[in-house]
Amino acid sequence: MKTASKIYTGLVMLFLFAPIAILLVFSFNASKSLSVFSGFSLHWYSELLRDSETLSAVRNTLVLAVSAALISTVMGTAAAVGIHKLKNRYLRAAMDSVTNIPMINPDIITGISLMLMFVFVGRLFGAATSLNFATMLIAHITFCLPYVILQVLPKLQQMDKSLPEAAMDLGCTPMRAFLKVEVPEIMPGIVTGLIMAFTLSLDDFVISYFTAGNGFQTLPIRIYNMTKKTVTPKMYALATIIFFVILFLLLLSNLTDADTVQAVRTAREKKRARKNA
Amino acid sequence: MKKKSSGSLALVQRLALAPYSVWAVLFIVVPLIFVAYYAFTDLDFHFTTDNITRFFTATSVISDEAGEREVHTYVLIFLRSLKLAAISTVICLLFGYPFAYLISKASARTQSVLITLIMIPMWMNFLIRTYAWMTILQDTGLLNGLLDALGLGRIHIIGTESAVVIGMVYDYFPYMILPIYSVMAKMDVKLIEAARDLGCNPAGVLRRVIWPLSLPGVISGVTMVLIPSISTFYISQKLGNGKFYLIGDAIEGQYVANNLHFAAAIAFILMVILLFGMAFMQRFANKRAAV
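If you read the sequences in order, they're chains Y and D.
Under the working numbering, the first residue of the first sequence is numbered 607, with each subsequent residue one higher.
Under the working numbering, the first residue of the second sequence is numbered -8, with each subsequent residue one higher.
There's no promise every hint is true.
[What the hints assert, rightly or not] In silico DSS-like links for lysine-lysine, alpha-carbon gap of 27 Å or less: (1) D:K96 - D:K229; (2) Y:K835 - Y:K638; (3) Y:K834 - D:K177; (4) Y:K834 - D:K234; (5) Y:K835 - D:K229; (6) Y:K608 - D:K234; (7) D:K234 - Y:K835; (8) Y:K612 - D:K96; (9) Y:K761 - D:K177; (10) Y:K638 - D:K229; (11) D:K181 - Y:K608.
[As the list claims (entries may be wrong)] Covered by chain D, according to a simulated footprint, are these stretches of chain Y (three or more residues, beta-carbon under 8 Å): (12) 626 to 633; (13) 654 to 667; (14) 678 to 687; (15) 780 to 788; (16) 825 to 835.
Don't read these hints as lab results, they were simulated from the structure.
Glycine is no exception: its CB is placed at the ideal position from the N, C-alpha and C atoms.
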């Protein structure tokens, strides 16, 4: 890269990472100040570990994200298989536009719309509060589904159609052919979809805010409640931990991605070698 | 045998779509109908257009440097949201477009490193990102400390529209870079070389080859920045000190106050406007593509 490009890249990175760096540094501050660094200390981390409300929020978030990611991955993968097989042009178009809705709509509208329905249905059954873990789980599955489908669908389109047919000609039942032949072929898409669903669910604040009941607090909602009052560096300690977890997850997904790319490449080379021989 | 088994496979595959179809209708389509239903009914669920009319006619008195005046509250809030979101989107495009181009020109290894770096802040919770800026921009914050140390004098920025714009740009900047980059990375270098060989100057290459080819990425980048900026409700509360109500704040405020019908009406109007805006942009894109 030329010098000018390097300087520009540096400035963009400074803009992107300076605020995060500041959070990281001040999470180790000995005093409560968020602008004067008065010495290194792990005080806020031990404080964080004693904050039972935040810890239970972490647990809630993980339970919710794992459930939402697993359910939306299974349902979304099945849906992608079905959508892939749809012959009717209009049905296909209808399916595609419905799938696009949660991605295009602002989060606040997705959140409000689900909340209104939950409240209305809850009132029909005479419930005083109808928002709870279940409504939140439904909301999270709903906004994760399109991302899973969009990850799996291209892999199905790239797959050789004759593979499952060959398996069945050789005596596989349809279900076995699907599980043994199709699923391994589309696995990279399923895994990426799962990771995306998991991170989206972990990170979501707006939709959770509208669909959460009073009793159930996820980490983003906990952060929201923390920042409503004056914030102590305890939240910075939390942000720092989140940052390193995300860094780890991103590196992991990059590695698996590189692995699949590598695997495809070696397979292709082997094929070519066989052809030449 | 073959026919039978592939027939039942087709059935299994069609059935695979069933749970999602039911789910999509129940939790994507029906909730949107509920927004319209709440927007057009009163507390007893009788039909009314009052909520919609209220959005366009409700007034309040504000006083600023220009003196006291009566304004249409929600129309003003909507126009302000549109203005701040548009400014943020333009800034993201101005700085993001050249950056996306730079990345696409780098070596494959540098490309993947830079893209990962851009994605890291994106996965940080936006509440934390916004809050970080609040501590920087505060009157007693780091920025003013730095300016003081340099002997430049303090500036008051928190609670102004500029602070809100900074927050929006920071939070959504990666969403502008990534789609433009992915289009540019796939761009055929031969087209640019051909234009150059045929005597096109660099500005001409940019205007007549690179820009038109990157337009799909620009359009999805603009949508991905504009829509969350218009509808945000946290950035304005934290960086605008609650002085700059945006349309998202209005919806959230009505939700907190338990005025669900009016909250639905604002959401409904926002949805309709965004729908028209997007249809317009799509037509613009198609027309440009046709040319």
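Hints that the structure is at odds with (numbers, increasing): Numbers 1, 3, 6 and 13 - these are the hints that the structure violates, sorted from lowest upward.
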